Amino acid sequence: MLPLSLLNAAQNKPMLVELKNGETFNGHLVNCDNFMNITLREVYQTNPDGDRFWKLKECYIRGSTIKYLRIPDSLLDSVKDEQTRAREAGRSARGSHVSGAGNRGRGGPAHRARGGQTRGGPTRGRGRGRGA
Amino acid sequence: MSSLQGYVDRERLMETLYVILSPVLYIDRVLVILQDGRVIVGTLAGYDQKSNVVLSDSKERVYSTDEPVEEIPLGLYLVKGDQIVLIGEIDSEKDASTDLSDVRAEPLPAIRY
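Chains V and C, in that order, give the protein sequences.
Heads up: the first sequence at position 120 corresponds to 120 in this note's numbering, and the numbers run straight through without jumps.
Heads up: the second sequence at position 8 corresponds to 1008 in this note's numbering, and the numbers run straight through without jumps.
Chain C on its own, in the form it takes in the complex (with noise of 0.2 Å):
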């Protein structure tokens, strides 16, 4: 996909079929990679050419090697797109089933020039 206007609001595309599918409802959200290192989820409500972007619901995801991962919430976020190093679309599957109180992980470093 070399346009994000496929991750635009999954939400929205899901709401219409809530009614019928609202037992196994998930909301599809993106996740972001800033250049300081930071991880940020949330469901991509819009994005311009220069790759800003605006996150509702957005979470920092903290990750360290000796606790469990933190989910900060954030709110609505505009994030510029000269920060961003990475936007990817969740499964939000396989992110339900992760128990993210048992990952540990390196925390990303800041990209340095």
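Just chain V, with the same shape it has in the complex (with noise of 0.2 Å):
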């Protein structure tokens, strides 16, 4: 599983997000980007040591600074059962879409070229044939 899906799924979740300087920010995931630029909103913020407190309506905090993320543990069995459920309502889709399309269009070309090329000579009505 990808840190980010994870990340993502997490929206609306309660985090705490620890920066390099030892900074934490407790707070709820408004937003995420790639690069783990959050929005958190209803943040607690705490300085390095711990000892001083900050309530912040909404922050902003750049990707590049964060240290680690704590998640709720429930967070990654929903993650795990959602993209179960996402792969396996791919593969019953993508079947059914691939072997109608493999009909038409893989097959069709693939028997003229090989007509053509394997069977040179003796065959090459057939192949000319079939294909036109």
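I should point out that these hints are in silico values taken from the structure, not numbers from a laboratory.
Among these hints, one or two may not hold up.
Unchecked claim - Within a straight-line C-alpha distance of at most 20 Å, the following computed SDA-like cross-link-like pairs (lysine to any residue) qualify:
1) C/K1050 <-> V/E42
2) V/K57 <-> V/N12
3) V/K67 <-> C/A1110
4) C/K1050 <-> V/I61
5) V/K20 <-> C/K1094
6) V/K13 <-> C/G1075
7) V/K13 <-> V/T39
8) V/K13 <-> V/E42
9) V/K13 <-> V/Y60
10) V/K67 <-> C/K1094
11) V/K80 <-> V/K67
12) C/K1050 <-> V/S5
13) V/K67 <-> C/R1112
14) C/K1059 <-> V/M15
15) V/K20 <-> C/D1082
16) C/K1094 <-> C/E1060
17) C/K1059 <-> V/D73
Note that the structure is predicted; figures quoted are calculated from it, not measured.
Take the two lone chains, each set in its own frame, and fit them into one complex as the hints suggest.
What follows is the structure, encoded as structure tokens:
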């Protein structure tokens, strides 16, 4: 599972973010991007020593300053389930689609090419005839 | 092993063997060392190209010279790759047979630039 898909699934969930300088931010995830830039709402900020606190309505954190994020345990299972569901849905949808397209698209030209190249002289008539 | 893939979710591999192996079941875990000197053990649930990692059921091991090792449960962690110094597979048998309350060690200092 990709760390960023976990993070994306954590929207509106509570989390703790520690920065490289040791400051921590506790809040609910509003949004995030592929750089791991994030916005949090209803944030409690602590200084690196953990002895001073601030409350912020909302804050933006640049991804490159983050050390780690602590995420609710339950999220791992829900993301895993979601991924299996998506995979199975994708497989069944793709399965029917591919077999249909394969017969039409891939089957046609391949037969023609094979007939022309490998069978060369003797079967040329047949190959060309089918193609046209 | 030059890819992290081999370390991923050893737990899931074991699940399929659970029925047969349940008496000798160990869940293989990884040990991660961070640039600030923290040591975290957990199950590697995922990673990406920047070696950001997802650790489930993670615990921090706090070493000290005059107190036993303290294990602090952390839960689900997403650690940024640029903070990671080392990721290693834990030999679960050895780990299980080690009594952490007997272990005394200097804590790792943070990396300084």
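Hint by hint, here is what the structure shows:
{"no.": "1", "hint": "C/K1050 <-> V/E42", "verdict": "violated (30 Å)"}
{"no.": "2", "hint": "V/K57 <-> V/N12", "verdict": "holds (14 Å)"}
{"no.": "3", "hint": "V/K67 <-> C/A1110", "verdict": "holds (13 Å)"}
{"no.": "4", "hint": "C/K1050 <-> V/I61", "verdict": "holds (19 Å)"}
{"no.": "5", "hint": "V/K20 <-> C/K1094", "verdict": "violated (33 Å)"}
{"no.": "6", "hint": "V/K13 <-> C/G1075", "verdict": "holds (15 Å)"}
{"no.": "7", "hint": "V/K13 <-> V/T39", "verdict": "holds (12 Å)"}
{"no.": "8", "hint": "V/K13 <-> V/E42", "verdict": "holds (12 Å)"}
{"no.": "9", "hint": "V/K13 <-> V/Y60", "verdict": "holds (16 Å)"}
{"no.": "10", "hint": "V/K67 <-> C/K1094", "verdict": "violated (30 Å)"}
{"no.": "11", "hint": "V/K80 <-> V/K67", "verdict": "violated (24 Å)"}
{"no.": "12", "hint": "C/K1050 <-> V/S5", "verdict": "holds (14 Å)"}
{"no.": "13", "hint": "V/K67 <-> C/R1112", "verdict": "holds (15 Å)"}
{"no.": "14", "hint": "C/K1059 <-> V/M15", "verdict": "holds (17 Å)"}
{"no.": "15", "hint": "V/K20 <-> C/D1082", "verdict": "holds (10 Å)"}
{"no.": "16", "hint": "C/K1094 <-> C/E1060", "verdict": "holds (18 Å)"}
{"no.": "17", "hint": "C/K1059 <-> V/D73", "verdict": "holds (13 Å)"}
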